[in-house]
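*Asks:* Protein sequences appear in the order of chains A and B.
UniProt numbering puts the first residue of the first sequence at 1, with every later residue one more than the last.
UniProt numbering puts the first residue of the second sequence at 1, with every later residue one more than the last.
Just so you know, these hints were derived from the structure itself, not from any lab.
Errors might be hidden in some of the hints.
Estimated spans, in silico, between C-beta atoms of each pair [as the list claims (entries may be wrong)]:
1) A:A361 to B:P116: 43 to 49 Å
2) A:A30 to B:P116: 55 to 61 Å
3) B:G56 to A:G63: 45 to 51 Å
4) B:H153 to A:A39: 41 to 47 Å
5) B:H153 to A:G22: 53 to 59 Å
6) B:L97 to A:V59: 41 to 47 Å
7) B:T408 to A:H153: 41 to 47 Å
8) B:P366 to A:H192: 25 to 31 Å
9) A:E231 to B:L97: 55 to 61 Å
10) B:P410 to A:G423: 41 to 47 Å
11) A:G423 to B:A196: 35 to 41 Å
12) A:P111 to B:G423: 19 to 25 Å
13) A:A39 to B:P410: 32 to 38 Å
Which chain A residues stay away from chain B? Per the calculated CB distances, all over 12 Å, these [unchecked claim]:
14) G8
15) L11
16) E169
17) D244
Which bits of chain A does chain B cover? Going by a derived footprint, with three or more residues having C-beta under 8 Å, they are [unchecked claim]:
18) 79-93
19) 437-443
Every residue gets a Cβ at the ideal spot worked out from N, C-alpha and C, and that includes glycine.
Number of protein chains: 2
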Amino acid sequence: MGEFIIQGTVLTPVSATRVDMGRAVVHVAADGRIAARHAHDTPAAADLLAHAARSGIPVRTLGLEQLLMPGFADLHVHAPQWPQMGRALDLPLRDWLEQRTFPLEARFADPDFAGPVYEEMVTTLLANGTTTAVFFATIHEESSLLLARICLHHGLRAHVGLVAMDDPELCPEGYRNTSVEQALAATRRFIHAVRALPGNESGLVRPMVTPRFIPACTDGLLHGLGVMAAEEDCLIQTHCSESDWEHDYVRQRTGVNDTVALDRFGLLRRGTVLAHSCFMTEDDMALVQARGAAIAHCPLSNAYFAGGVLPLRTAWQAGVHVGLGTDISGGYSPSVAVNAAMAVTAARMLDTGNDPARPQAQRGRPGSRISFAEGLWLATRGGAQALGIDAGQLEVGMAFDAIEIDRTAPGSNILPPIHGEDGAAEDVAQQILCNMGRPNIRTVWVAGRQVHGTDAAPD
Amino acid sequence: MGEFIIQGTVLTPVSATRVDMGRAVVHVAADGRIAARHAHDTPAAADLLAHAARSGIPVRTLGLEQLLMPGFADLHVHAPQWPQMGRALDLPLRDWLEQRTFPLEARFADPDFAGPVYEEMVTTLLANGTTTAVFFATIHEESSLLLARICLHHGLRAHVGLVAMDDPELCPEGYRNTSVEQALAATRRFIHAVRALPGNESGLVRPMVTPRFIPACTDGLLHGLGVMAAEEDCLIQTHCSESDWEHDYVRQRTGVNDTVALDRFGLLRRGTVLAHSCFMTEDDMALVQARGAAIAHCPLSNAYFAGGVLPLRTAWQAGVHVGLGTDISGGYSPSVAVNAAMAVTAARMLDTGNDPARPQAQRGRPGSRISFAEGLWLATRGGAQALGIDAGQLEVGMAFDAIEIDRTAPGSNILPPIHGEDGAAEDVAQQILCNMGRPNIRTVWVAGRQVHGTDAAPD
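Bound conformation, chain A alone:
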């Protein structure tokens, strides 16, 4: 992969609340990082272009209707639930799990079943602009390793977790680890195998320690996984304080909230990704902040399975890292943009409340709303930061994980500016989150490598 230069309109979050947009010349180095970014029509930009011309570095120039923006981070995807995305959400949670989800996940014992599903999932996520993904796989080592290989092959920056779940009380007979020892040995082998994958020297694909959630795991397994995460210096993912049912179950079993229980098991560390977390208290959030762990906010899924909206503003005020998760298939959309728009919408609904039968003063939680600029941050830098990855902003030093948006593509629902008035950066960011569809996504890069699109080779 060689260095290249790309010039065009760059849209990037500069902080959680501020979006920047302007014509720029960007130098992507051979290591896939942004070596330089200069505003168009500056001497530095001219120098860079002159240097490129002298050195034969390819230059790609985008039109006025194209935009370069950071790729999306999806912090919570159940890879084996891909075939039921957009299905079965009318079912109650128990039926959803027992009738649909567990039997589907169990089929991934067969790598021949898993392969085509994971192949289609990875390419579809890339086509939707996801450049970083965090996957729950299944308990099956071979299929889960296949997922890691497929991510690596297609160039998706990915985190893959072999799921651990051993409690016979809550896990089905045919789909659970047979013992604590079996689960721990499998996880250890999996961590080593992912790290040793040929072509993975840069760590594009990383393993994750993945207890499904406290209710599915025995204390012995949770403790063992905490020890292993420290020994292996491995990221962790699990579900946390998702719903009343789950929250109450954990309190009943452990006497404390999920965060405290996870911390006691050694599972709350920098790089731990806690899916959902709707029912976290301020004390929980302070603990999560102290440990450097992060929340994967899944606003669409939460409407169906959590029964509450994460008080995101409160989490931010506590200094907690937050990114977005599609939670496929508890959430129905593979698009992080759709989920970012839903995060803004859900925060509005938490802010104002939603039941008109209550008086206004007793309805909402004022101060909860977030802006679309904040939605963009969540979808990009927020997620990358949660994972400790230098990506999510098109800034010098960051990996070039980027999307080329074509606002005038056939089939676009992003309206081009009327009479050429381009509007504020915030408006454009909002249009992208609200109205972007697959036709708008022309090219996607991860670490400087083109991973989606056919016409974007530097010219």
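Given the coordinates of chain A, work out where chain B should sit on it, guided by the hints.
*Replies:* Showing chain B alone in chain A's frame:
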């Protein structure tokens, strides 16, 4: 426009709660209505195909991955707000109106400004599968009539309202009717002009009496419009009980809720479309039902500007007609499918409540949830029924307002069934509402005329 036969998988709501899917042969008569629909592999289907062969009636055959379904009805679109779709939703309502919306609408005084905007809007709505739309235009007769002409030209089944707004208290100086008499005369001329448009003999495009909402209109104007609607036997649209602010304003000015006030002005009739209606009481709903009026439910917009979720289940239990509205640009998506999915999501959030800080028992309004089958009904037959139109189901006697969905189109986020197992009709309906994008919409027909797509001429 000649008759034709189309055979393929048909997905259609049969009631508010039931979806049907199966291979069928459909006969579309020259008047644009469905003359026959027979299940595939029945003698009646074979007879129909033999008749077509003998008579030279064109037959189009869809593949197994295509689906024929009814087109969508969008009951609430602010046509002049099209250029700011997906923009400015972070602004408070007052700033949104004063800084953005009213100045934008005022520009439609110029038909040269309006023409390209309306042209793009109508073709984009058709491309998103909308076959029936209800538009608020502006107070400008020439531009609003141009909108009606553009709808007619492109074959969109449309309802166009010349907006009436005359109260200097709440309407801006440069954008309001100058007197009750001026507003009434303009509305009367507009009704006649739309009905007299060449090519509109079948009434594909209908005028609507359109008081913006009670706060923008004087009593004299509201009364005059009520009288005119009866004299002209014209449909009516307005906003109703949208937000705390609007609801309280009307109560303060009139002493009653919007519905009662509208009824007193003669504005609550069969075919009246009441946008939003979040704050309707059960008494309001009983009155709306008694008058045969309908609600345009705009779940996405309501999250931003209403501060409450319409208790849709309660409205249905009262026997009120309900359809969906995108409420562009209060809502950000031109897709009725997106809004249908949001209706299901919002109903879940009303059902469970959304603030985790409240105890579960005090959080939600249990019983409020709706299914995706009901979401499909809302998006199709519910909306058509509200307007008294025979469309929205692919049944004999209905207009052939239909969409051809290609589940395997390049750029599709609808997952094809794994191993050819197609799943229940409800699952497929849900996938379409949740995951459909423009790439999936191959062809759109209104009243038997192809209005979108290039490759679907009967072969």
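*Asks:* Taking the hints in turn, state whether each one holds.
*Replies:* Right, here's what the structure says about each hint:
1. The beta-carbon spacing between A:A361 and B:P116, approximately 46 Å, falls within the hinted interval of 43 to 49 Å.
2. For A:A30 paired with B:P116, a C-beta distance near 46 Å fails the hint of 55 to 61 Å.
3. Distance hint check for B:G56 and A:G63: the Cβ-Cβ separation is about 48 Å, which falls inside the suggested range of 45 to 51 Å.
4. Our hint of 41 to 47 Å for B:H153 and A:A39 holds, since their Cβ atoms are close to 45 Å apart.
5. Our hint of 53 to 59 Å for B:H153 and A:G22 is violated, since their Cβ atoms are close to 40 Å apart.
6. For the hinted restraint 41 to 47 Å between B:L97 and A:V59, the CB-CB distance of approximately 45 Å keeps it satisfied.
7. A hinted range of 41 to 47 Å for the beta carbons of B:T408 and A:H153 is inconsistent with their spacing of about 23 Å.
8. Taking the beta carbon of each, B:P366 and A:H192 are about 49 Å apart, not inside 25 to 31 Å as hinted.
9. Our hint of 55 to 61 Å for A:E231 and B:L97 holds, since their Cβ atoms are close to 60 Å apart.
10. Taken as a hint, the range 41 to 47 Å is violated for the pair B:P410 and A:G423, whose Cβ atoms sit roughly 30 Å apart.
11. Remark: the range hint 35 to 41 Å for A:G423 to B:A196 is upheld by a beta-carbon distance near 39 Å.
12. In this structure the supplied range 19 to 25 Å holds for A:P111 paired with B:G423, their Cβ-Cβ distance being about 24 Å.
13. At about 36 Å, the beta-carbon gap between A:A39 and B:P410 stays in the expected band of 32 to 38 Å.
14. No beta-carbon of chain B comes within 12 Å of the beta-carbon of A:G8; the shortest separation is about 21 Å.
15. Interface exclusion of A:L11 from chain B stands, the closest Cβ pair being 14 Å apart, more than 12 Å.
16. Against the 12 Å criterion, A:E169 stays outside the reach of chain B, whose nearest CB is about 23 Å from its own CB.
17. Remark: the non-interface label on A:D244 conflicts with the geometry, its nearest Cβ contact in chain B lying 5 Å away (cut-off 12 Å).
18. Interface restraint, the segment 79-93 of chain A with chain B: holds (8 residues with C-beta to C-beta distance below 8 Å; minimum three).
19. Check on the segment 437-443 of chain A: 3 of its residues sit with their Cβ under 8 Å from a Cβ of chain B, so the three-residue criterion for coverage holds.
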